[in-house]
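Using the supplied hints, reconstruct the complex from the two chains, each of which is provided in its own coordinate frame.
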Amino acid sequence: MCNSQIINSSFGKICLSLFLGVFSLNSFAMGYGSSALNYVSADSTSVEIYSLPSPDEIISYVKEGNMAYTPAILSNPNNISRYSSAKDQTLIVGVFMTDMAYNLIFQQPAKGFEYMKAIDELGQAQNLFPYLSYSFKDRFINNINNMDSLKAFSDEVYELSMFNLYETKRYSTYAMITLGSVVESLYVILYSYNKDKPNEALMKRIAEQESMIYQLEEMINSYLDPRTSKNLLKDVEPLISAYRGLVGEKGATKVIPKYDRIVIQPTKELNANSEKMNNLRTVVVELRNKWIKD
Amino acid sequence: MRYMRLIGVFLLLTVVSFAVSAQGCRDFDKKCPPPPKDYKVSTLSKSFSLEKRKTVNIKLTLYGDRIYFFSVAGKSKLGKIHYRLLENLETSRVLYDNASAGYESSKMFEISSAINVVLEISAPNYHLENARECAALLVGYKPLK
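Quick mapping for you: the protein sequence lines, in order, are chains P and H.
Residue numbering for the first sequence follows the numbering used here, starting at 1 and increasing by one per position.
Residue numbering for the second sequence follows the numbering used here, starting at 1 and increasing by one per position.
Read the hints as simulated data drawn from the structure, not as lab findings.
Below, in silico cross-link-like pairs of lysine-lysine (DSBU-like), each with a Cα-Cα straight-line distance of 35 Å or less:
no., chain 1, residue 1, chain 2, residue 2
1, P, K290, P, K111
2, P, K151, H, K30
3, P, K137, P, K151
4, H, K37, P, K137
5, P, K250, H, K40
6, H, K80, H, K59
7, H, K80, H, K107
8, H, K37, P, K204
9, P, K204, H, K40
10, H, K59, P, K293
11, P, K63, H, K31
12, H, K145, P, K254
13, P, K254, H, K142
14, P, K250, H, K107
15, P, K204, H, K142
16, P, K151, P, K87
17, P, K234, P, K111
18, P, K293, P, K204
19, H, K31, H, K54
20, P, K169, P, K137
21, P, K258, P, K204
22, H, K30, P, K137
23, P, K230, P, K290
24, P, K117, P, K137
25, H, K59, P, K117
26, H, K52, H, K31
27, P, K290, H, K59
This is chain H alone, in the form it adopts within the complex (with noise of 0.2 Å):
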């Protein structure tokens, strides 16, 4: 009888942490700055987990003339959350990288035709290993005019 709710304890766990993992940083994309009220938020917009030397690239199609808010959040232990936004991976061209501005956690850009753009996201400063931290972008736009 002790071992049959000890196998029973077992298999709730199991369930548990099964559904707890897939769950993982869903809707954390909330958690970020979000656009002027006159923005509609994208499905664009993702929720993922950060840690130590990872790096997520999120490739993104943009449309032409419309105006996209860009903001980043991630736990507090992550620290500073580092994006640049690159032309591709293939050139790493830089359009745009926030450290020059102090790391701001968001900001506007205005796209006049359509363009395949790469967000690359990363926590410079955390410093845990083995350890993953939910972070996440949030897209916003609206017509340009």
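Here chain P stands alone, though its shape is the one from the complex (with noise of 0.2 Å):
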């Protein structure tokens, strides 16, 4: 079709220069150009990629330190329309990928779905997962009796909005999405928590979740322009603050070679108690509840 004599005629060589210049275009804005994120020294580039665990993964966490399930307290899958801007349908996701990861984990496909199809429009209209070659819904009731895929599904939902939004250069929706998520399961996880019955291992379990907690601010500082970042982190400081001094470090990491693996220790000293639960428990209650809309 592009022979040369087309090519060699000046429309030819208009379009030719179009394709080039839109391909150039492309590359550019799907990773191939600069980026605030990419480190340029004189002879090397250095980049960062923040990889935080997912909701599944922060919950059967704490799970393992005998949580219970309480659907009450989570949010309504049913209302998106009350999420208007990209803020808050981004914010939003994560809350519900969250939700989802929850009942999936407690074995609960039914109330899982009600996120599923929530994500799955609100994914549509935040072009989430574009270039997806499948229905999330009917991949969904495909599996609706396997609960391991299903839990894996939850998790691939997760990583290839990640992966979209990385390679798209989509780094505050990426930061959004990654802070709603985050927020949602410390909600989830603090409200397991019973002050009543002070379960130490459970109190562990959240308690070191401040490691995340530094690591997100990090990742707001690095994703978002200054001015929404500093109106973000405005909100997000009350739990940066209730996380401070809940774990202490006692002095340098260890590292020790053992048979087939590297042991790493990090002399950490737990500092938490029921009292400075309910502190971090209100603090994301507040955090919270700017954002939901029940």
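Set out below in structure tokens:
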């Protein structure tokens, strides 16, 4: 089709230039251009990728400390029309991803499906899953009796949205979804902590989320423009403050080679107690209430 | 008519190039050596592109009382994949360097309590200018007990 006669004509040259121009723009938009996340020196480039645990991994980790199922505390997936701005929609997608994972961890596929539908609808509105070759809803229904497949699918939805957003350099959306999912995860795990029956194992797992909170703070600073990150960090600051001091560092991390593995021992001291857990829960509820429109 | 067809091809090529570049290295982590069967694959796994003189720093949160399995892979053109586990980027304290073990592609790490680390990945022997190739990190985990 593109023979030399056409290419040599004026129109052909314009066409070719246009194609090359659009291709280079594509390449730029899709990750082959410069970026705020790329640190370039004279002879090298360094790229940073933040990789935080998915909602399934956060909740499963805490569930190992004996966590109860309390569906009444979850968000409502049936009123998504109340979330109109891009910020509201991306934050709530993160919240819904957590609530879907939570229901699947506790083997409640019907409830999980309600969140799946909401994520699907909002995902289309925000173009979170471009180039998808299958329907989320069909995939969910086809695996409704296989909990392992559904849990893997829940992780896949999270992973797919993160991959697409990173590849298309939509870092602020990436950060917003992560923030929504992390705060909702903290919310559900903190509600499972009963102050009248202190559970050391559960408290330790909740306190250990401190590492993830610091990573999240750093990600917001790196991925969002200064104005947006300043506004968002103003909201998130009470959460960061509540976590400060829950876990203290006593010294340098130890590294010990052992058989087929390397043992890494951070020398940390747990300073959490029921009062601090309650304060943390109050802070998380207040932050979540700013986003949830139930 | 001929020009219309040419414009059609131009638009098609544009859409295809956009889609292909967006898909990039998706699912390349599936090419990494898999973890033992009792490990669960983590969403911390990441696929990305490497190029000459480019280092990818993956900032990870690892939980305590777990054994993590890390493995890396890259397109054959990249040659050896070098990775180092760093405590953080500020001090760059090296917790593990696969160069000290003949650039082995997988390793297990036992973590006693939650920690943030940086996995720094590069392809030191890759010399092609302005060309990117896919690489990936696969993370698996299981409870320590």
